[in-house]
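Student: The chain contents come next:
6 protein chains.
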Amino acid sequence: MAMTEIGKVGVVMRNVPRADAAVVERIGCYGVATVHEAQGRTGLLKPYLRPIWPRATACGTAVTVLAQPGDNWMLHVAAEMVRPGDIVVVGLTTDNDDGMFGDLLATSYRARGARGLVIDAGVRDAKTLAEMQFAVWSRAVNARGTVKATVGSVNVPVICAGMLVNPGDVILADDDGVVVVPRERAAAVADAAEAREKKEEATRRRLAAGELGLDIYGMREALAKAGLKYVD
Amino acid sequence: MAMTEIGKVGVVMRNVPRADAAVVERIGCYGVATVHEAQGRTGLLKPYLRPIWPRATACGTAVTVLAQPGDNWMLHVAAEMVRPGDIVVVGLTTDNDDGMFGDLLATSYRARGARGLVIDAGVRDAKTLAEMQFAVWSRAVNARGTVKATVGSVNVPVICAGMLVNPGDVILADDDGVVVVPRERAAAVADAAEAREKKEEATRRRLAAGELGLDIYGMREALAKAGLKYVD
Amino acid sequence: MAMTEIGKVGVVMRNVPRADAAVVERIGCYGVATVHEAQGRTGLLKPYLRPIWPRATACGTAVTVLAQPGDNWMLHVAAEMVRPGDIVVVGLTTDNDDGMFGDLLATSYRARGARGLVIDAGVRDAKTLAEMQFAVWSRAVNARGTVKATVGSVNVPVICAGMLVNPGDVILADDDGVVVVPRERAAAVADAAEAREKKEEATRRRLAAGELGLDIYGMREALAKAGLKYVD
Amino acid sequence: MAMTEIGKVGVVMRNVPRADAAVVERIGCYGVATVHEAQGRTGLLKPYLRPIWPRATACGTAVTVLAQPGDNWMLHVAAEMVRPGDIVVVGLTTDNDDGMFGDLLATSYRARGARGLVIDAGVRDAKTLAEMQFAVWSRAVNARGTVKATVGSVNVPVICAGMLVNPGDVILADDDGVVVVPRERAAAVADAAEAREKKEEATRRRLAAGELGLDIYGMREALAKAGLKYVD
Amino acid sequence: MAMTEIGKVGVVMRNVPRADAAVVERIGCYGVATVHEAQGRTGLLKPYLRPIWPRATACGTAVTVLAQPGDNWMLHVAAEMVRPGDIVVVGLTTDNDDGMFGDLLATSYRARGARGLVIDAGVRDAKTLAEMQFAVWSRAVNARGTVKATVGSVNVPVICAGMLVNPGDVILADDDGVVVVPRERAAAVADAAEAREKKEEATRRRLAAGELGLDIYGMREALAKAGLKYVD
Amino acid sequence: MAMTEIGKVGVVMRNVPRADAAVVERIGCYGVATVHEAQGRTGLLKPYLRPIWPRATACGTAVTVLAQPGDNWMLHVAAEMVRPGDIVVVGLTTDNDDGMFGDLLATSYRARGARGLVIDAGVRDAKTLAEMQFAVWSRAVNARGTVKATVGSVNVPVICAGMLVNPGDVILADDDGVVVVPRERAAAVADAAEAREKKEEATRRRLAAGELGLDIYGMREALAKAGLKYVD
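Line order of the protein sequences matches chains A, B, C, D, E and F. Each step along the first sequence adds one to the number in this note's numbering, with nothing skipped, and position 101 is 101. Each step along the second sequence adds one to the number in this note's numbering, with nothing skipped, and position 165 is 165. Each step along the third sequence adds one to the number in this note's numbering, with nothing skipped, and position 97 is 97. Each step along the fourth sequence adds one to the number in this note's numbering, with nothing skipped, and position 109 is 109. Each step along the fifth sequence adds one to the number in this note's numbering, with nothing skipped, and position 218 is 218. Each step along the sixth sequence adds one to the number in this note's numbering, with nothing skipped, and position 129 is 129.
Chain A with its partners taken away, still in its complex shape (with noise of 0.2 Å):
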């Protein structure tokens, strides 16, 4: 599907490749701060998206939906289309915080194999999804519903949170937010996060142990070339 599907209503994609499961696990060791880093600081999401309940963590490969504002119609179309390890990203034609989700399509969800969902709007019975651990990013929490009256798409590329997400790829998410890393560089990303994550190990060792930075990093000539002065 190329770029000038972008925000296509009325279609859903029955068959899409999803990345390597393999992959998808090994990206979700990491930190999203570690991956979004990995992948040259690209893909992460609007920093406005967070979680609904602390310490929730979840990684997988991205059902897209792209829905109205008020009506959570393709949520339910996008039931039908997830499978075990999947995530669900829902990105809206215009901003909107109504609760589009709760804990009946998270019981829908979840029975499909969903590991979560990331949804650039409201969603509601948030005590419920904490008790279920059902992990969700969203912009808000509100009780207020939606209809189901105007379609939208499903498994188009979405833009979600200001960031653009495709069928498949993978998702990753934290306390620290949401980044997409495309399915044809995850395992690339995979291996970056990897090195960085040893590199950082032993940076963490030698800053407990009271060096500085300055040192390690070896910044104090380019600082003084910059002209920072310490004065006494």
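I should point out that these hints are in silico values taken from the structure, not numbers from a laboratory. Nothing here was measured: the structure is a model prediction, and the numbers come from that model. Each hint should be verified, as a subset may be incorrect.
Heads up, the list lumps identical chains together, so a pair's fine if it works in one copy or across two of them.
Claimed, not checked - Straight-line C-alpha distance at most 30 Å; calculated DSSO-like pairs for lysine-lysine:
(1) Lys46 <-> Lys8
(2) Lys46 <-> Lys198
(3) Lys199 <-> Lys46
(4) Lys198 <-> Lys148
Given chain A, put chains B, C, D, E and F in place with the hints provided.
Tutor: Frame of chain A; chains B, C, D, E and F shown alone:
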């Protein structure tokens, strides 16, 4: 008191009829999302009102307060009007996030029998309020205190977070937000909530078993008619 | 350092006088709301700064940082200036929510004796920071990292979340927000906070017993004079 | 229609009493700030509603609309209810900035005699509306259009930008914002506005001549009593 | 360039295909609202982008820029890539309102043949830009300038104000906002816009003559079916 | 007056030194963006302060006001402190958008010789202020008036829109925003602005002739070193 009294300052209504206590208890059995749907998707306060500690829930009858920005004088006046089972609902004459309410007022309100506070402004002493398990929904947590210089009103109709609240109305609040049920409609809404909850319970079981909402709700024909196309 | 130095870039002040440690400990016994009142309702940072984990509290002396948007170079420079008992306070030259601080810097700051961080920007590794119980108040949690390309300053006066902070000032932070107490006023503010707390304790007991603030504070006459009418 | 009808969907009230035309004309002689003061500082809609072209002013009687997010169906229904001298006032069931109104609807409304539009949503064709000199106050200008799928209501009480508006009330709008005057109070408010304007005219002359408000309003004693100190 | 290149830094694409000039001229005859509808309600940038002077309109082909927060280095790089008829479209790696563009860059862009700027950040020298009649849509006017320290990219796909823009796409902007038309769809969209405009012109005449949209669009039956009740 | 006086209430300083009038005139010849750069990118107030009518510009010496939310008492007190050539700068103890200033105060300020108002709150009578050509920068236009009940201060250091302003400092404001120049630095900043302006004029001519900033500023080598790649 007529609708033309909205925002009138300088008045305290001593005796206002409250919704029936038994009906309040019935409504308190349901969630805000359910009750909002049960009364035809009306009565919800804006979702920027959030509980200041997780899992807070409260249901009671409204004592309304109209307060001035940066001034909590009327919250002291309201304490005397509180009866057991009440929830104090504070609307402001203008947007303001100052911390109008803290642990002293909470101690007083609790001693008078109040079940909670809904305030379109800020509160402080958040840690102590959580320890007291005094239920509060506010637009901010803010250490900045207030003066006591300009009068407002108690028990007049107020607009709180974008919704009209009359004294004596039923207020229900939980993790999903705050909903007001007009006193006259409370019994009918309790009935409707009960009916809705029963129906949802049955649906939940079917969804958990893997059935799709598309089939349970019979959406497929309407979707096709609305032009939704499935592509393999 | 004069007020005209606010926002000056390219300077690190190595030696700045800190508020007296004993006074810092005294102020640390009170809440932010109490200390804010005790110094005449001044010194509060804007309430959008929030703790990244519940129940965080910290009290210490300010090491100030002026940082550029999307650039955390100066946070590394600041590590070397930290002494036991300090809290790092970061103001920015412009609004920015990027994640300038994570678990590596927290490890370094803790190794140097820092008690926490107050930052008018974003932080990341929120889960790890909570596990470390490293106290942070920020305007956002954001996985997006930063570059190290443009210098700012350390230990110059900065404006952080709308309030001036000088190096060596006392910083107190809890669930209610963050307050700065100028070094020169710290002892007097500690005294005032103690006096206020004592008075409040007595009031709390009377309110818990059902007395009204209207009577305890003697408000009835002033309310009547201000025109408040009671209607039966 | 009772207050309990706020937000009720699915109803069009054909015949609603309007405020007296002569009184509307009188109120239209004053500015929004004056009328807001004249009715005791009540009735102001939130200031995020702004005129879409400078110097727009309008005064008329409210035809109210309750619309769904992203759906302007009811704005078409309202056209038939418009009588000469009306202003259409649109409240929404939830926050939404879509462009619900453009030059076609403006053409229709004008043909029916409408004097303007106040809408708690977006509008489009801003340039043409300005050329037509059709007066509009909105929360956004937004090219995004809407569907016609879900019913709302016409001529029920609505909350628009945080204020209750009943059909037939007087709406006054200018560069300073929008104020609603309840139909029953309109004549009294017109009188009060006239009195206020006269008094202000005299004050304006004295201020222009260099007299101080401190003296004209006799504030010096109250300021001293409130503790204000002058320091040379 | 593939979609996986979104946000990639460090690249300047010298030669990118532009939409056909004749098609660009055709699209430039219509308003943003019309073109947005004509391409199926897709392609609109978020409405927070506003023209910095009234009545600005522009239509051209996109030269895209990916810039870092507080850093306008890439806007200088882009100048060399501008060809007559282009509009420079700037997306950022993170939210930032700094004034990245002023009258010097405008002078340079104009000398290269640019028709305008669309920037998801701030601009300055607003008065001079208006006098030059250089068309700019931005999220802020802000005197704060930027550094030139960190590279981004030119002519890679960028997300600007929530919408994907590819180099060479058609950009149309006016008082109603900014819409992007993918290069491949430009001719079809021009046709659809022309058809829509013609139809609207006929509708406009009927509405001006007092006919109702309810009748012209044949809405009455659907409204009744949806449950709308008229009450006398 | 020391920095520790920021936010102190209850004080009016009668005699404060003003920046030299000749220097003020010199600074008034330049734009805000130029002066902000000329003093090392410091002193800019947050960009949410906007002129209430287009093309407003003002330069003068600050009379500072600390006001309470919803209370304009101190703006009346300030009138007496105004001397010809002053600009009144109002900071608040908390965020508030009420309309604290209107045409009566403008009449009074003008009669005293004031050149304008910079206020971190709302103003009203916007149309009349524009007709009077009284220059105002504010965070909102809002018809809601204020009480006169709680004292603040005049001519103490205030924080206005995120920047410290001392009485007597130079204030420069135009379409690009508001910048403060500390009194002690005013002459040096005027010199630097003049030098910058001259340099920019030469650059402007070269850019207009089609030269690229890349060449004028010699950026190509640094870009290559930073890793920027050109792809054909």
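Student: All hints, please: hold or fail.
Tutor: Tested hints:
| no. | hint | in the structure |
| --- | --- | --- |
| 1 | Lys46 <-> Lys8 | both (22 Å within a copy, 17 Å between copies) |
| 2 | Lys46 <-> Lys198 | within (27 Å within a copy, 39 Å between copies) |
| 3 | Lys199 <-> Lys46 | within (27 Å within a copy, 37 Å between copies) |
| 4 | Lys198 <-> Lys148 | between (49 Å within a copy, 21 Å between copies) |
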